[in-house]
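Student: One letter stands for each residue in the lines below.
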Amino acid sequence: METTGLVSFGRYTCSHLYFLLLIVLPLGQHTVEGVWPLPQIFTSSIERYPLNPQAFYFGYGRQSAAQFGCSVLDAAFIRYYSLIFPDYTGNGVLHNNLSVSAGKASLNAETVWGAVRGLETFSQLVYQDDFGSYFVNQTEIDDFPRFPFRGILLDTSRHFIPVHAILKTLDAMAYSKFNVFHWHIVDDPSFPYQSQTFPDLSRKGAFHPMTHIYTQSDVRRVISHARLRGIRVLPEFDSPGHTKSWGKGQSDLLTPCYSGSTPSGAFGPVNPALPSTYQFMATLLKEVSSVFPDSYIHLGGDEVNFSCWKSNPDVRAFMQKMGFGVDFTKLEAFYMENIVNITTFLNKTAIVWQDVFDYHELRSSPSVVEVWKDGCYLCEVRRVANVGLRVILASPWYLDQPGPTHNWARFYTPLNFSGTAEQKKLVIGGEVCMWGEYVDATNLTPRLWPRASAAAERLWSDEKQTSSVDKAFPRLQDFRCKLVRRGIRAEPLYVGHCKHEYQGV
Amino acid sequence: METTGLVSFGRYTCSHLYFLLLIVLPLGQHTVEGVWPLPQIFTSSIERYPLNPQAFYFGYGRQSAAQFGCSVLDAAFIRYYSLIFPDYTGKHSTTGKSHIGKKQSVGFDVLSPSLLFPDNLSVSAGKASLNAETVWGAVRGLETFSQLVYQDDFGSYFVNQTEIDDFPRFPFRGILLDTSRHFIPVHAILKTLDAMAYSKFNVFHWHIVDDPSFPYQSQTFPDLSRKGAFHPMTHIYTQSDVRRVISHARLRGIRVLPEFDSPGHTKSWGKGQSDLLTPCYSGSTPSGAFGPVNPALPSTYQFMATLLKEVSSVFPDSYIHLGGDEVNFSCWKSNPDVRAFMQKMGFGVDFTKLEAFYMENIVNITTFLNKTAIVWQDVFDYHELIPKDTVLHIWKGSPANYRKELSRMTKAGMRVLLAAPWYINHISYGQDWRNYYTVQPLNFSGTAEQKKLVIGGEVCMWGEYVDATNLTPRLWPRASAAAERLWSDEKQTSSVDKAFPRLQDFRCKLVRRGIRAEPLYVGHCKHEYQGV
Chain A
1 METTGLVSFG
11 RYTCSHLYFL
21 LLIVLPLGQH
31 TVEGVWPLPQ
41 IFTSSIERYP
51 LNPQAFYFGY
61 GRQSAAQFGC
71 SVLDAAFIRY
81 YSLIFPDYTG
91 NGVLHNNLSV
101 SAGKASLNAE
111 TVWGAVRGLE
121 TFSQLVYQDD
131 FGSYFVNQTE
141 IDDFPRFPFR
151 GILLDTSRHF
161 IPVHAILKTL
171 DAMAYSKFNV
181 FHWHIVDDPS
191 FPYQSQTFPD
201 LSRKGAFHPM
211 THIYTQSDVR
221 RVISHARLRG
231 IRVLPEFDSP
241 GHTKSWGKGQ
251 SDLLTPCYSG
261 STPSGAFGPV
271 NPALPSTYQF
281 MATLLKEVSS
291 VFPDSYIHLG
301 GDEVNFSCWK
311 SNPDVRAFMQ
321 KMGFGVDFTK
331 LEAFYMENIV
341 NITTFLNKTA
351 IVWQDVFDYH
361 ELRSSPSVVE
371 VWKDGCYLCE
381 VRRVANVGLR
391 VILASPWYLD
401 QPGPTHNWAR
411 FYTPLNFSGT
421 AEQKKLVIGG
431 EVCMWGEYVD
441 ATNLTPRLWP
451 RASAAAERLW
461 SDEKQTSSVD
471 KAFPRLQDFR
481 CKLVRRGIRA
491 EPLYVGHCKH
501 EYQGV
Chain B
1 METTGLVSFG
11 RYTCSHLYFL
21 LLIVLPLGQH
31 TVEGVWPLPQ
41 IFTSSIERYP
51 LNPQAFYFGY
61 GRQSAAQFGC
71 SVLDAAFIRY
81 YSLIFPDYTG
91 KHSTTGKSHI
101 GKKQSVGFDV
111 LSPSLLFPDN
121 LSVSAGKASL
131 NAETVWGAVR
141 GLETFSQLVY
151 QDDFGSYFVN
161 QTEIDDFPRF
171 PFRGILLDTS
181 RHFIPVHAIL
191 KTLDAMAYSK
201 FNVFHWHIVD
211 DPSFPYQSQT
221 FPDLSRKGAF
231 HPMTHIYTQS
241 DVRRVISHAR
251 LRGIRVLPEF
261 DSPGHTKSWG
271 KGQSDLLTPC
281 YSGSTPSGAF
291 GPVNPALPST
301 YQFMATLLKE
311 VSSVFPDSYI
321 HLGGDEVNFS
331 CWKSNPDVRA
341 FMQKMGFGVD
351 FTKLEAFYME
361 NIVNITTFLN
371 KTAIVWQDVF
381 DYHELIPKDT
391 VLHIWKGSPA
401 NYRKELSRMT
411 KAGMRVLLAA
421 PWYINHISYG
431 QDWRNYYTVQ
441 PLNFSGTAEQ
451 KKLVIGGEVC
461 MWGEYVDATN
471 LTPRLWPRAS
481 AAAERLWSDE
491 KQTSSVDKAF
501 PRLQDFRCKL
511 VRRGIRAEPL
521 YVGHCKHEYQ
531 GV
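Protein sequence lines, in the order shown, are assigned to chains A and B. Quick note, the first sequence lines up with residues 1 to 505 if you use my numbering. Quick note, the second sequence lines up with residues 1 to 532 if you use my numbering.
For the record, the hints were derived by calculation from the structure and aren't laboratory data. Bear in mind the structure is a predicted one, so any value in this text is a computation, not a measurement. For glycine and all other residues, C-beta sits at the position ideal for the given N, C-alpha and C. Accuracy of the hints is not assured; some may be wrong.
Estimated spans, in silico, between C-beta atoms of each pair [said to hold, decoys possible]:
no., chain 1, residue 1, chain 2, residue 2, range
1, B, Q239, A, I41, 48 to 54 Å
2, A, K499, B, Y88, 36 to 42 Å
3, A, P293, B, I78, 48 to 54 Å
4, A, K104, B, S282, 53 to 59 Å
5, A, G69, B, T238, 48 to 54 Å
6, B, T234, A, I46, 22 to 28 Å
7, A, S418, B, V349, 55 to 61 Å
8, B, Q40, A, P293, 57 to 63 Å
9, B, P232, A, P474, 20 to 26 Å
10, B, Y382, A, P474, 36 to 42 Å
No farther apart than 27 Å at their CA atoms in a straight line, the calculated lysine-lysine pairs in the BS3-like style are these [what the hints assert, rightly or not]:
no., chain 1, residue 1, chain 2, residue 2
11, B, K371, B, K388
12, B, K227, A, K499
13, B, K309, B, K271
14, A, K244, B, K526
15, B, K498, A, K244
The task is simple: from the sequences and hints, build the whole structure.
Tutor: See the structure below:
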């Protein structure tokens with residue numbers, strides 16, 4: 001993935017912490033538990049400097065290309081002030097107070113997104129002593145992500161997740177430096193996306209046409225909330241399978257299944273034999289492309305059941321006409337190729353689930369392949385990279401499967417890719433999947449955090465420095481308490497306590 | 001367990017729903033998904049009556065023994081008004097009360113608290129009545145009634161004509177929370193008590209202290225929490241916290257059963273009470289580590305008597321849980337003083353005798369304090385001669401195992417409490433509520449007399465991986481599956497598939513009431529969880 005998308009990543013340096021006036025009282029030595037995910041290069045001394053919340057402010061460097069008025073950073077300053085000084089929430093950005101602060105921390109980043117990540121890092125360096133005073137230790141950091149794609153998938157079809165819960169998840173994603181929200185927005189059970197072009201899709205396909213939908217304004221809100229936090233929103237409109245709910249609002253889209261020579265009344269995957277299907281998909285994807293600004297679009301393509309296609313005489317006739325014989329994978333390949341071409345035409349890059357790669361003979365369409373199946377997923381990664389396609393890995397991070405929380409270590413396992421340097425470069429990142437069979441707004445947060453943070457470190461940090469689960473444990477525990485302090489219902493890793501326990505109900 | 005404790009249980013009847021004026025508009029037929037846990041006898045017709053929230057009120061029947069001023073029911077009326085009419089929350093308390101004060105036109109049974117509505121002359125002449133032998137039964141009946149009311153798509157409230165006769169299958173329906181492995185803030189405990197009432201649980205088993213921390217702030221031994229809590233100020237339960245929990249629970253018909261587990265599981269006690277724990281030895285010198293409570297010192301029993309005396313007065317319930325599980329003998333074995341004591345007492349090298357000696361003393365202390373002891377099954381395993389009124393708490397093993405234990409313990413005439421199948425802190429992918437639902441607590445070999453000795457069951461939420469962040473979705477609605485097993489008739493509730501839609505509906509009711517109950521499977525609630 002190039003860095004030319006909505007979000008690109010720069011190195012940033014958080015260095016030269018001088019608090020000239022306040023060094024008078026280096027009150028003690030506190031070992032900071034550190035930053036999560038671990039920065040690439042991190043050195044800190046035990047010398048600590050007090051921070052005075054009322055004198056503290058963020059500002060742009062004189063030579064910075066970004067200046068006041070850069071909306072992303074202006075907003076980030078306000079957010080991080082409150083995150084760093086929770087007792088002072090509400091004060092917002094404070095302005096220069098000459099009398100108090102002569103010290104400074106500086107952050108150099110190539111892009112605003114890098115600066116946002118740097119603010120997150122800085123916010124994790126600040127801590128409070130038992131009397132509530134704020135401190136930061138002398139620290140130098142040079143940091144950049146290992147992979148450019150660090151995603152979390154939410155499934156809003158199996159359960160509807162209210163917008164406020166999505167926004168809260170985006171907040172927490174930023175704390176772990178995730179940068180892609182993969183919005184698996186529709187699927188078999190419901191179609192909550194309110195389409196401008198095809199309003200019947202949600203009117204008839206959502207769990208409820210008014211209360212269980214994402215309006216255009218909801219979607220814009222999600223995208224803008226994400227953008228301010230350096231998070232891309234990758235929409236998925238999965239087809240030709242996983243589309244039951246689509247059929248309710250769009251007749252003739254799904255394949256009528258036959259039992260014997262008569263329609264059974266049931267419907268299967270999208271009907272690939274009708275030209276109207278492609279017209280519909282082109283129109284829908286055109287809308288999606290303009291609503292979601294990201295340069296990528298996820299087309300699904302997983303788990304297509306052929307039995308309905310097989311039962312349908314029109315589909316069989318189409319197979320004959322196209323010369324596919326009885327090989328339905330060819331039919332599916334034909335369908336996906338058409339859909340991918342539509343997105344290419346719309347100037348978007350397609351991402352598909354590995355199934356498409358597995359049955360597609362040519363395997364050369366300009367797609368990114370997402371590996372999700374169990375088994376030797378690294379073998380699959382290698383196979384995909386071998387033919388020069390880019391890969392996103394999701395298999396090890398199916399977090400919807402609950403487990404005692406100590407299984408966070410499972411999601412922390414080093415990846416150990418084998419292959420040439422060129423092949424490794426094709427692995428653009430990984431993704432945590434939170435499928436929705438058993439998950440909605442009631443349990444999403446504790447099921448996601450802090451286990452997803454384990455994956456986040458795997459995707460951000462240097463693998464050599466982060467290979468030990470035992471070394472990571474206290475730092476992750478500390479990070480989890482930071483999440484709780486920030487109002488994220490992150491569940492505990494093991495017996496113990498946080499200085500500030502969760503205060504909500 | 002007799003019904004003479006803090007809470008006793010009566011039958012109650014919720015019958016004769018007449019809405020004379022409003023029958024004019026029986027707008028449609030809605031099949032109510034029903035009540036959870038399922039009442040013993042439940043008949044409802046498709047005839048539905050609208051409820052006008054602004055005219056609705058609760059009142060006492062003229063012949064009811066309970067009248068305005070009965071704090072438990074007065075408070076319950078206010079609570080249930082808001083639960084029944086969530087859109088009207090806040091408007092009620094004054095109107096309701098004044099109505100209760102003025103209007104007591106219709107009464108029922110002589111000795112029963114009854115409730116009735118409605119009142120506004122222009123709208124309704126119907127009423128629902130509830131007869132219960134005790135206020136606690138009336139509180140349960142209000143819960144049942146609240147689950148019968150539903151809203152149509154336009155937000156109007158309805159209730160179907162319904163007759164219910166109900167009583168619980170077991171008198172003890174508990175939930176254990178572990179506040180030692182993680183500190184659970186008081187507000188999260190209170191919220192759990194709210195949800196417990198919705199599933200008709202009636203015992204909050206407060207596993208308040210254990211190895212990791214001692215959050216109970218003792219009046220007599222303040223050092224226990226000062227040194228043994230995770231934090232001496234922020235991670236403790238003060239006396240006023242405890243009173244708040246007990247009073248919140250009581251208003252909901254829930255007893256608070258405190259557990260002070262010993263002689264094992266006491267590491268945190270040692271921090272604030274020196275000479276209480278056994279110093280472990282490596283060879284002939286103390287290793288610096290400590291083991292279980294030291295059973296060889298008289299000071300131990302003085303301390304325990306003083307502590308339990310305080311606990312007995314702070315917690316009004318007539319039961320007290322003494323723990324007694326998982327005692328590791330290796331430290332006792334290493335300690336020369338303990339070994340000398342064994343010799344003196346003639347225990348030989350049988351450390352189970354030492355443990356039995358210790359537990360016998362502790363149980364005697366509680367007997368002296370007029371409390372009935374509950375202990376984990378381990379105590380019976382090594383000491384079959386404990387006082388007959390002690391309740392044994394079965395927590396170990398597979399169904400085959402606990403059935404054998406049920407059989408053996410009841411045969412010895414002991415009352416038992418079953419927890420083994422409901423270790424709800426364990427989670428797995430999918431619908432594991434089914435496992436909690438299909439438990440058959442009385443399916444063991446034994447006489448009818450033996451079966452009567454099973455006083456109930458308990459859902460255990462151990463705290464290794466649980467605190468206020470994830471407690472609620474881990475507990476609900478899975479604990480509700482166990483609740484129905486403990487409340488309802490087993491024959492009527494044997495089918496998991498039949499229960500599923502009703503439980504789904506109940507789960508949505510919990511969500512509507514602000515309880516973060518997790519979903520059972522793909523689907524939706526009319527009102528999704530609105531918190532963050």
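Student: Confirm or reject each hint.
Tutor: Hints, one by one, checked against the model:
no., hint, result
1, B:Q239 to A:I41: 48 to 54 Å, "holds, 52 Å"
2, A:K499 to B:Y88: 36 to 42 Å, "holds, 40 Å"
3, A:P293 to B:I78: 48 to 54 Å, "holds, 51 Å"
4, A:K104 to B:S282: 53 to 59 Å, "holds, 54 Å"
5, A:G69 to B:T238: 48 to 54 Å, "holds, 51 Å"
6, B:T234 to A:I46: 22 to 28 Å, "holds, 26 Å"
7, A:S418 to B:V349: 55 to 61 Å, "holds, 58 Å"
8, B:Q40 to A:P293: 57 to 63 Å, "holds, 60 Å"
9, B:P232 to A:P474: 20 to 26 Å, "holds, 22 Å"
10, B:Y382 to A:P474: 36 to 42 Å, "holds, 39 Å"
11, B:K371 to B:K388, "holds, 13 Å"
12, B:K227 to A:K499, "holds, 16 Å"
13, B:K309 to B:K271, "holds, 21 Å"
14, A:K244 to B:K526, "holds, 21 Å"
15, B:K498 to A:K244, "holds, 26 Å"
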